[in-house]
Structure formats: structure tokens, C-alpha cells
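All chains, please: the whole structure from these sequences, using the hints.
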Amino acid sequence: MRGIVIEATARLLSKRLGGRLPGGIGAVITALLVFCGVASAHAAGLEWDALEKNYDAKAGEEEAVLSFQVTNRTDHRVEIRSTATSCHCTVAVPPRTPWIIEPGAKDSLAVTVDIRSRRGGLTKTIYVDTTEGEELLLVHVQVPPPPAIQREMNLMTAQADRQSVLRGDCASCHVTPTVGKRGAELFQTACAICHGSEHRASMVPDLAVAKVHRDAGYWEKWIREGSNGTLMPAFDRAHEGPLDDAQIKSLVEYLVTHLPTEPTEKS
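Here the numbering used here is used: the first residue of the sequence shown is 122, the next is one more, and so on.
Honestly, the hints are just simulated from the structure, not real lab data. Backbone N, C-alpha and C define an ideal beta-carbon position, used for all residues, glycine too. Some hints here could point you the wrong way.
As the list claims (entries may be wrong) - Computed beta-carbon distance windows for the label pairs:
no.: 1; residue 1: T244; residue 2: K332; range: 49 to 55 Å
no.: 2; residue 1: S323; residue 2: S293; range: 20 to 26 Å
no.: 3; residue 1: E184; residue 2: V300; range: 33 to 39 Å
no.: 4; residue 1: D177; residue 2: V333; range: 40 to 46 Å
Right, here's the structure in full:
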């Protein structure tokens with residue numbers, strides 16, 4: 122196992138330094154490799170579909186499951202003698218034992234990373250020892266925070282900059298769906314996504330409840346300009362929002378027609 126870890130370190134250092142290791146570091150690692158009896162031969166007769174793979178985990182996922190495809194490019198049988206991973210949370214499962222790949226045949230190595238209680242970026246290594254030499258595979262996993270924490274993070278970002286909900290990754294939910302929409306469809310994509318959400322923040326008002334008189338002028342001002350000190354962004358393109366004049370007009374008409382104009386409860 123010491124040799125596996127050292128070889129992984131050597132490869133990673135080499136990669137990060139543009140393929141060249143400083144003389145001192147290279148000499149030390151080479152000596153350690155010899156001491157541990159680790160061959161430096163690359164498994165040239167085997168062709169992998171990739172030596173590194175990325176996995177973007179979805180919220181709530183407990184495992185990252187990937188597969189590395191390998192092809193035997195030699196004219197003889199190749200045996201995958203063993204696999205080892207960098208930690209207990211990562212498992213590489215050969216399809217059979219012994220794992221022998223016939224000339225020209227393809228096969229796959231299943232890799233599972235336990236991402237429970239993990240956050241952020243992870244890099245795991247899989248060492249593969251074969252009769253053609255050795256190979257090091259890398260898995261990069263990006264683990265998102267739990268939905269509740271992500272909502273708190275989004276809320277903090279929006280409180281600092283209310284227009285942030287219309288930029289970056291948030292745009293896929295709050296901007297893209299509004300393109301070309303009018304009236305009721307625009308209300309669902311631009312308004313209900315926040316004001317009608319199951320996880321609506323306490324400071325986001327329920328639009329079905331009127332606390333003040335809400336005529337066309339009221340709605341147009343809120344839509345175009347938003348409101349400083351709140352989470353409400355400005356949707357007018359003149360204020361870096363996504364909606365044009367025609368969309369705003371259609372949205373105002375829908376709101377005046379379908380939502381209460383006069384207060385429905387005491388303010």
C-alpha cells in the first residue's frame with residue numbers, strides 16, 4: 122500500500138507541475154518507488170476510455186457510481202491482477218475473478234464512492250495492477266450541500282445582492298424559463314417559483330394575500346424596480362433584469378385580473 126500511495130503522489134505532483142517534477146522531489150520519489158518495489162511501467166497494452174472522470178453529485182445522493190471502460194489492444198490475454206483505492210470510502214469492483222481480458226475485448230471497472238457526510242470537491246484514486254503494467258485512475262466528485270443548507274446559502278446571497286438570483290447558476294431557474302413567456306405562463310416561471318414555492322422563505326410574501334391596495338401601477342413598479350432591502354429583484358431589462366416591456370405588461374394584466382386588488386387581511 123505504501124508503494125501505491127507514493128506512486129499516486131508522484132503522478133499527481135507531476136500533473137500539477139506540468140509533467141515535470143523538480144529534481145529533488147523526483148529523486149526522492151524515485152528512490153521511494155525503488156525501495157517499495159513499485160514498477161513505473163505504464164499499462165501500454167490497455168486502453169482506458171479515460172484516466173480521470175468527473176462526477177457532479179445531486180442533492181441527496183449517497184453514492185457516486187462511475188465506470189471506467191478498458192480495451193485490450195494486445196494480441197494476447199491480459200490479467201488485471203488487483204485494484205486498490207485511496208481510502209475505505211471508495212470501492213473498485215472487478216467484473217469477475219480472475220479478471221482476464223481477451224485480445225481486442227472490452228470490459229469495465231465499476232467504481233463507487235461513498236459521499237455521505239461529504240461536502241465540496243473530492244478526489245479519489247484507483248490503482249490498477251495488470252500483467253501489462255500499472256495504471257492510476259482518478260475520480261473527481263463534486264458534492265453539493267444539503268437542500269436546506271443550499272437554500273440558506275442562496276438566501277444569504279440574495280440578501281447581499283437581490284439581483285444575484287437572476288445571474289449565474291440561479292439564472293437556469295429564474296431567467297431561462299421566462300424566455301418568450303407571457304401572462305399566466307410568465308407568472309408561473311417568474312413569480313410562482315418563489316412566491317408559490319413549498320419552501321418559500323418567511324420574508325417572501327404570499328401573492329394571494331393582499332395587505333395593501335394593488336393596482337396596475339403597484340404591480341408594474343414592483344416588477345420593474347424590485348425593492349431595496351428585500352429579496353425582490355428588478356425584472357426590467359433597464360435594471361439588468363430579464364423581461365422586456367411586452368412581458369411586463371402581460372404580467373401586470375394577469376396579476377390585476379387574477380389576484381386580489383384590495384386588502385384581504387389587516388396589514
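For each hint, the structure was consulted:
1. T244 / K332: 49 to 55 Å: 52 Å Cβ-Cβ, so the 49 to 55 Å window holds.
2. S323 / S293: 20 to 26 Å: This hint holds: roughly 25 Å between Cβ atoms.
3. E184 / V300: 33 to 39 Å: holds (36 Å)
4. D177 / V333: 40 to 46 Å: For V333 against D177, whose Cβ atoms are near 44 Å apart, the range 40 to 46 Å holds.
Hint check: no violations occur; every hint is consistent with the structure.
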